[in-house]
Amino acid sequence: MVPDTDDELLRRIRRGDEQAFVVLYRRLQGPIYRFVLNITNLPPVAEDITQEVFLALIREDCGFDEGRGTLSAYLFGIARKLVLRHLERTRTLAEQEIQAEEWGNQTLAVRTDPMVDLLHNEGLAALRRAVLSLPRRYREVVALCDLEEMDYSQAAVVLDCPVGTVRSRLHRARALLLEKLQQKHDSGKKVHLLDPARSLI
Amino acid sequence: MTCREFWSRMPELESASEPLDHERQCASCAALLERQRALAAGLRRMAASGRAVEAPAHLETALKAAFRESKGRRGTFAHTTRAWAWVPVAAVLMAMAFSLVWERRPRPLAAPPTVSLEAEDALPADSGFITLPYAEAGGAADDADLVRVQVPRSALIALGVPVADGEAGEAIEADVLLGAGGAPQAVRLLP
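In the order they appear, the protein sequences are chains B and S.
If you count the first sequence from 1, position 91 lands on 91 in our numbering, and the numbers rise without skipping.
If you count the second sequence from 1, position 111 lands on 111 in our numbering, and the numbers rise without skipping.
A hint or two may mislead.
Unchecked claim - With a cut-off of at most 16 Å between alpha-carbon atoms, the simulated EDC-like pairs for lysine to aspartate or glutamate come out as follows: (1) 81/B <-> 122/B; (2) 64/S <-> 17/B; (3) 71/S <-> 47/B; (4) 71/S <-> 18/B; (5) 81/B <-> 52/B; (6) 81/B <-> 160/B; (7) 64/S <-> 160/B; (8) 64/S <-> 52/B; (9) 81/B <-> 47/B.
Hints in this document: simulated from the structure, not taken from any laboratory.
Computed from a predicted structure; not experimentally measured.
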C-alpha cells in the first residue's frame, strides 16, 4: 500500500482526522527534533520547538502554501525560525561560540589522522563537537543537507535563501570542519594546514 | 581545469565514484579531496548514528490531546458560525426583496389585472391576495400595478405571510400588488 503523501495527510488533518495527524507527526518529528538538537544541542529546547511546530500545524490558520514548497520544508522553516528566536532570546549562540573557542583549546581524542579517526567513535564525537562549534548559518546547512539528507532546493526553502547560497555555505561549512579537525590534530602547532575555502573561494 | 574551477564544482563532485581528471593531475587537490570524502563519510556515519534520536514519546500524547481539543473547539466554533451566518444572509435577502418591491419600476404583466385597492375588503375574496400589515387603507387605485417577483422565503415570513416550511433562502414566486405610490399592498403566492 502506498503511504499517503504529506499533502494528503494535511488535507485529512484539516478535516479533523487524528490518525492522519499521528502518521504525519511520526514521519516528521524525528527529523525536526534532530535538526533543532543539532543546532542548539539542548534536548529540552528541541522538544519545545518540535511541539510548537506541530501545534502550528494543528492551528486552523496554519499558513502552509503548497506553491512555495513541501509541507516538510514548511515545518522545518517554522522550526528554524523558532530556533533563531530562541538563540536571540537566550544568547545561546554567543555562549556556544565561546564554548567553541574553549573546545579549540581542549585535548582531543583525535590521535592520528583526524580523517581516519572519523571511522571510530572518538572521531565521530570530535566531529559532532566540531559541527556544534560551527557558526549558526553553517551549522544549520550541515544539519539539513548532511545530517538529514535534505536536497539543496528544499534546504533553500527552509533557509529562505537561494540554492546557490546553500551550496556555498555547505562547501564553506565542510572546509571549516576540516580545518577544525585538523587544528585539533595539530594542536599546539597553531599551523592551519587546511584552509581550502579561504584560499579557493 | 584549474584548481579553482575544480573546487567551484564542490560539493557535488565529492561523491564521484571514479577519480576525477584534475584529481589525477593535482596531488594537493587530490589529498584535499580525499579529506573531504572522509569528512562526508564521517557526516554520513554521524547522521546514521543519530537516526534513532527522536522526540520524547510523551510529546506525541500531548499533541494528540491538543489536536482533539482543537478539533472540538473548531467544531463548536463552526456550528456557532453556521448558525449566526444566516443572520446577515437573511438580512441581505430581505433587503433585496424590499428593493425589488420598492425600487424597481413596476412592469405590467402581459394581461395586467389592475386591481383597485382600498383595503383588505376591497380585494376579491377569491383572489388569493394577502393584505400586508401596512397596506394603505384608503390608498387606491386605479393605477395600482401587479408585479411578479421572486421573494426569499425568509422575507415573506418577516412580512407575516404564511409560507410552508423550507429553506429560508429559497426563492418563492409571488405576485405583489403595488399601490399608487409603488408601496406593496398585498401579496399572492404562486403555486
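Evaluation of the provided hints:
no. : hint           : verdict
1   : 81/B <-> 122/B : violated, 32 Å
2   : 64/S <-> 17/B  : holds, 11 Å
3   : 71/S <-> 47/B  : violated, 23 Å
4   : 71/S <-> 18/B  : holds, 9 Å
5   : 81/B <-> 52/B  : holds, 11 Å
6   : 81/B <-> 160/B : holds, 10 Å
7   : 64/S <-> 160/B : violated, 30 Å
8   : 64/S <-> 52/B  : holds, 13 Å
9   : 81/B <-> 47/B  : holds, 15 Å
Going through the hint list in order, the structure does not satisfy hints 1, 3, 7.
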